[in-house]
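> Sequence:
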Amino acid sequence: MSLALEEQKPAAENRGGRPAWKEKPHPLMQGAKAVALALTVLMVAVPFWVVIATSFAPGDQITQSGGWALWPERWTFDSYDKVLSNEVTTHALLVSIGITVVGTLFSLACTVFLAYALARPGVVGGKPMMLIILFTFLFPPGIIPSYLVVYSLGLVDTYWSLFLPVLVNVFNLVVVRGFFQGIPEELYEAARLDGAGEVRTLFTIVLPLSKAVIAVVGLFYAVGYWNDFFRGLMYLNDTSMYPLQTVLRGYVTQGDGLNSEFSSEGGVAQAPQSMKMALVLIATVPILCVYPFIQRYFTKGVLTGAIKS
23 MSLALEEQKP
33 AAENRGGRPA
43 WKEKPHPLMQ
53 GAKAVALALT
63 VLMVAVPFWV
73 VIATSFAPGD
83 QITQSGGWAL
93 WPERWTFDSY
103 DKVLSNEVTT
113 HALLVSIGIT
123 VVGTLFSLAC
133 TVFLAYALAR
143 PGVVGGKPMM
153 LIILFTFLFP
163 PGIIPSYLVV
173 YSLGLVDTYW
183 SLFLPVLVNV
193 FNLVVVRGFF
203 QGIPEELYEA
213 ARLDGAGEVR
223 TLFTIVLPLS
233 KAVIAVVGLF
243 YAVGYWNDFF
253 RGLMYLNDTS
263 MYPLQTVLRG
273 YVTQGDGLNS
283 EFSSEGGVAQ
293 APQSMKMALV
303 LIATVPILCV
313 YPFIQRYFTK
323 GVLTGAIKS
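FYI, my numbering numbers position 228 of the sequence shown as 250, with every residue one higher than the one before it.
Treat the hints as calculated values from the structure; they're not laboratory data. There could be a bad hint or two in this list.
Here are the in silico distance ranges between beta carbons for each label pair [said to hold, decoys possible]: (1) PHE225 with VAL145: 13 to 21 Å; (2) PHE315 with PHE99: 24 to 32 Å; (3) PRO167 with PHE225: 31 to 39 Å; (4) ASP216 with LYS55: 28 to 36 Å; (5) PHE315 with LEU177: 16 to 24 Å; (6) LEU255 with VAL57: 39 to 47 Å.
Note that the structure is predicted; figures quoted are calculated from it, not measured. Glycine included, each C-beta is placed from N, C-alpha and C at the ideal position.
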């Protein structure tokens, strides 16, 4: 072992003392990385641009080009006007906003309280409770048992069914618990010496130091609630209660018209492609706008909470 270290030492000295993984890559490797990065960006950017262009393109251009447009001949907001003036989509949009806001607040509160309790040493039943929680993470219940539980609690056809079954995510709980455990124990002791109880310590000491992990976990919850369509299909029989993503699924994947499945009068008109793309953009942009404000917390919030040294 010592001989191998001696052989590696001159090589490191030739690199100016830098380890191998900090070496400047070969120009060919840099070029390959640039090409791979450019292709990856194009694979994401081009479909997204097609959705944007199609949503603003006139109907005759979309029909002539086979349902898609790379650049609108004439920019028009007709699709957005029709989508946003439709009662089904506007109500679904309000439902999604409400479920996202209320569900995220409830989930954050439950996650923070539970993570703080499990992070403190000496809590009675803390380790068995953590093992039970991790067991549900490794062996999640199936769809039928989940539905039977929700049905037996009388939550079917209520908005509670859209967020109560997934109120606490185990991964987020582990991240927040790890972050709390990383706070120096001296701070807890100083708070106790000043006469602070556990609740006051949580709100005055722990939470102000945990803005990063709370922001990131809150974003995880918000994205999950906003993008979820399956619980709407499974737990809601009344289509007028559908959230936006469930309505979007009907429009895009099944080709339902704006006045067919979700209207009591019924209809045969198919949703034009531009209206489908407009609805896709409306369902994507709000949650996309949140990322730039949370992105700076990602490294500190997730890694500090997930890695224990």
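> Now tell me, hint by hint, if it's right for this structure.
How the hints compare with the structure:
no.: 1; hint: PHE225 with VAL145: 13 to 21 Å; in the structure: 18 Å, holds
no.: 2; hint: PHE315 with PHE99: 24 to 32 Å; in the structure: 27 Å, holds
no.: 3; hint: PRO167 with PHE225: 31 to 39 Å; in the structure: 37 Å, holds
no.: 4; hint: ASP216 with LYS55: 28 to 36 Å; in the structure: 53 Å, violated
no.: 5; hint: PHE315 with LEU177: 16 to 24 Å; in the structure: 33 Å, violated
no.: 6; hint: LEU255 with VAL57: 39 to 47 Å; in the structure: 41 Å, holds
Violation of the numbered hints given earlier is confined to hints 4, 5; the remaining hints are satisfied by the structure.
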